[in-house]
Amino acid sequence: MHRLATAHASRRIPALLSVYGVTAATCDIDLNRGTMRLTALLSMAARVIVPRDYRYSTNRPWTVAAKRQNPPGKRRRKVFVEPIASEDWSVFKGDTVEILAGKDKGKQGKVIQVFRHRNWVMLEGLNTHHRYIGKTHDYRGTYIASEAPLLLRDISLIDPTDRKPTDVEWRFTEEGEKVRVSLRTGRIVPKPVLERRDGIVPQQWKDGPKDTSPEDTLEKTYVPTLKTLEEEVMEKMGIVENRKPQRSYWY
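Quick note, the sequence shown lines up with residues 1 to 251 if you use the UniProt record's numbering.
Heads up, some of the hints might be wrong.
As the list claims (entries may be wrong) - Straight-line distance between alpha carbons at most 20 Å, and here's what the computed SDA-like set of lysine to any residue pairs gives: (1) K227 to K244; (2) K191 to D207; (3) K236 to V223; (4) K191 to I49; (5) K107 to G125; (6) K178 to P190; (7) K78 to G141; (8) K93 to S57; (9) K78 to H117; (10) K110 to E147; (11) K110 to P61; (12) K227 to I200; (13) K164 to S146; (14) K110 to F80; (15) K78 to K191; (16) K178 to S86; (17) K110 to K78; (18) K191 to V223; (19) K74 to V114; (20) K191 to K244; (21) K107 to H117; (22) K220 to E232; (23) K93 to D138; (24) K107 to M122; (25) K93 to I49; (26) K107 to I49; (27) K78 to P61; (28) K107 to P165; (29) K67 to R52; (30) K74 to W62; (31) K191 to D167.
What the hints assert, rightly or not - Cβ pair distances, simulated, as ranges: (32) T173 to V50: 36 to 42 Å; (33) D167 to R116: 15 to 21 Å; (34) D167 to G73: 57 to 63 Å; (35) V50 to V223: 53 to 59 Å; (36) F92 to G238: 19 to 25 Å; (37) R77 to R171: 27 to 33 Å; (38) F115 to D211: 52 to 58 Å; (39) Y143 to R184: 53 to 59 Å; (40) G186 to R116: 23 to 29 Å.
Hints in this document: simulated from the structure, not taken from any laboratory.
Built from N, CA and C at the ideal position, the CB exists for glycine as well.
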């Protein structure tokens, strides 16, 4: 029954997501292992429509914090962002970069978040400011360090040859693979491995005894029938019903 339900979901959910313009790859969803609740899946698949003058921030548009920052009917000052084509974007989550400007200039860190609408990246433990969270009338809150975003022009990728900052450009290998190449040394800067939001790296995942294999998940086991569930169970168990069904009424 678990395999049947999973296979049914693996066929229906991608079609549902495609209606909203969302794919399983962009949502970091592993349908073969069923690692996400359906309610969370549908909430991510819902299309978020924002006005033309919407000001993006570090909060996703569907969150409460973003709705509080952009209340209906309030016009905020337009923020001009340098347009960068999606095929020219060269910094991804998991990359190691060096800060070129600001209080943490010269330090290297790992990219933990990317905000393409504002050309922002956020580094783990760098460019931080301190603030209170959970503040109430009788509790001052918890004092934490919070990372602030950095502009794309204020960081640089690291050349794996000498661990120094370098500019990169996209090129194609002889096999046709698109790679990032250092303009200073000509060395390929490898892309980071894809890590899902729950910390799992799909390329390094090994199935356990309770995991359903992709072959079993995609196997078509559903056979359309007009029988009820009770009739199917009786047929599987060899139960023969000799009684005549009585007339029923709906009130």
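Hint-by-hint comparison with the structure:
1. K227 to K244: Measuring from Cα to Cα gives roughly 17 Å; hence the hint holds.
2. K191 to D207: The hint is violated at about 25 Å.
3. K236 to V223: Holds, because 14 Å separates the two Cα atoms, which is no more than 20 Å.
4. K191 to I49: With a Cα-Cα distance of about 31 Å, the restraint between K191 and I49 is violated, given a limit of 20 Å.
5. K107 to G125: Answer holds: K107 to G125 is near 11 Å, not above 20 Å.
6. K178 to P190: Given pair K178, P190 holds - Cα atoms ~10 Å apart, limit 20 Å.
7. K78 to G141: Distance ~33 Å between K78 and G141 Cα, so the pair is violated.
8. K93 to S57: holds, 17 Å
9. K78 to H117: OK: K78 and H117 at ~13 Å, within 20 Å.
10. K110 to E147: Given pair K110, E147 holds - Cα atoms ~12 Å apart, limit 20 Å.
11. K110 to P61: Distance ~25 Å between K110 and P61 Cα, so the pair is violated.
12. K227 to I200: Violated, at roughly 42 Å.
13. K164 to S146: Violated, at about 26 Å.
14. K110 to F80: Violated - the C-alpha atoms of F80 and K110 are around 26 Å apart, more than 20 Å.
15. K78 to K191: violated, 33 Å
16. K178 to S86: holds, 14 Å
17. K110 to K78: The hint is violated at about 30 Å.
18. K191 to V223: violated, 44 Å
19. K74 to V114: violated, 26 Å
20. K191 to K244: With Cα atoms ~69 Å apart, K191 and K244 exceed 20 Å; violated.
21. K107 to H117: Violated, at roughly 25 Å.
22. K220 to E232: holds, 18 Å
23. K93 to D138: violated, 39 Å
24. K107 to M122: holds, 13 Å
25. K93 to I49: It is violated: about 25 Å lies between the C-alpha atoms, which goes past 20 Å.
26. K107 to I49: Since the Cα atoms of K107 and I49 sit roughly 38 Å apart, the hinted pair is violated (cutoff 20 Å).
27. K78 to P61: holds, 17 Å
28. K107 to P165: holds, 11 Å
29. K67 to R52: Holds, at about 15 Å.
30. K74 to W62: holds, 17 Å
31. K191 to D167: holds, 15 Å
32. T173 to V50: 36 to 42 Å: holds, 38 Å
33. D167 to R116: 15 to 21 Å: holds, 19 Å
34. D167 to G73: 57 to 63 Å: violated, 44 Å
35. V50 to V223: 53 to 59 Å: At roughly 45 Å between Cβ atoms, V223 and V50 fall outside 53 to 59 Å, so the hint is violated.
36. F92 to G238: 19 to 25 Å: With Cβ atoms ~58 Å apart, the hint is violated.
37. R77 to R171: 27 to 33 Å: This hint is violated: roughly 39 Å between Cβ atoms.
38. F115 to D211: 52 to 58 Å: violated, 34 Å
39. Y143 to R184: 53 to 59 Å: violated, 42 Å
40. G186 to R116: 23 to 29 Å: holds, 27 Å
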